[in-house]
Amino acid sequence: GAVVSQHPSRVICKSGTSVKIECRSLDFQATTMFWYRQFPKQSLMLMATSNEGSKATYEQGVEKDKFLINHASLTLSTLTVTSAHPEDSSFYICSATRFQSNTDTQYFGPGTRLTVL
Amino acid sequence: GENVEQHPSTLSVQEGDSAVIKCTYSDSASNYFPWYKQELGKGPQLIIDIRSNVGEKKDQRIAVTLNKTAKHFSLHITETQPEDSAVYFCAAKREAAGNKLTFGGGTRVLVKP
Chain A
458 GAVVSQHPSR
468 VICKSGTSVK
478 IECRSLDFQA
488 TTMFWYRQFP
498 KQSLMLMATS
508 NEGSKATYEQ
518 GVEKDKFLIN
528 HASLTLSTLT
538 VTSAHPEDSS
548 FYICSATRFQ
558 SNTDTQYFGP
568 GTRLTVL
Chain B
845 GENVEQHPST
855 LSVQEGDSAV
865 IKCTYSDSAS
875 NYFPWYKQEL
885 GKGPQLIIDI
895 RSNVGEKKDQ
905 RIAVTLNKTA
915 KHFSLHITET
925 QPEDSAVYFC
935 AAKREAAGNK
945 LTFGGGTRVL
955 VKP
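Those protein sequences? They're chains A and B, same order as listed. Going by our numbering, the residue at position 88 of the first sequence is 545; the numbering climbs one at a time, nothing skipped. Going by our numbering, the residue at position 22 of the second sequence is 866; the numbering climbs one at a time, nothing skipped.
Derived from the structure by calculation, the hints contain no laboratory data. Be aware that one or more of the hints could be misleading.
[To be verified] The list that follows gives simulated cross-link-like pairs (lysine-lysine, DSBU-like), each with its CA atoms no further than 30 Å apart:
#1 B/K886 <-> A/K477
#2 B/K944 <-> A/K477
#3 B/K912 <-> A/K521
#4 A/K523 <-> B/K944
Same shape as in the complex, but just chain A (with noise of 0.2 Å):
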């Protein structure tokens, strides 16, 4: 149990679009879910928490008008990254909390190679 998928896994883009990656919990419900970035050899960098049907909670230094997050379902969540810009290249990781017997565990999807051109 506890599956967190993510597409795509990885994207290439011209500059100037925008890319939308999805988040699902398969086999539980996340009432939150975690949206991460992370650089060649470094560690995670977290962007903003989103809850289930509110608004998401950036981190500070993240525009929240460049990447929208949308957590419309207790297993869904969307990170889209507007108007991408080559220094938008990263790997994006989302996560998705289980609670269970009284405790949250964080469990991990695959992550999405972003590559914009």
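Once you have looked at the hints, place chain B on chain A.
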């Protein structure tokens, strides 16, 4: 806020030897400490976690120890195998719905056959 330091940043071990990665945290209210393994080009995979009501937890070749007084926790991998080669991340948080993890900087482990 929470701050997590992880050492070493790289670790090279001979197959069959043990590997130990250490993390320290700053927030004494943190009570949940997971470890993730990340292989190249993949998302992090939860390999073991520990909560502050216990001092040690073991799962086959991996174990985690926690010292709440000193605010540090460690990952131990015994009888290392080449497939253990990956980047390992420790993390910490106060366990409550919606709370975010604070990650260490990662340790790149190379197991040499």
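Going down the list of hints, with the structure as the test:
1. B/K886 <-> A/K477: holds, 19 Å
2. B/K944 <-> A/K477: The hint holds at about 23 Å.
3. B/K912 <-> A/K521: violated, 37 Å
4. A/K523 <-> B/K944: Answer holds: A/K523 to B/K944 is near 22 Å, not above 30 Å.
In summary, the one numbered hint that this structure violates is 3.
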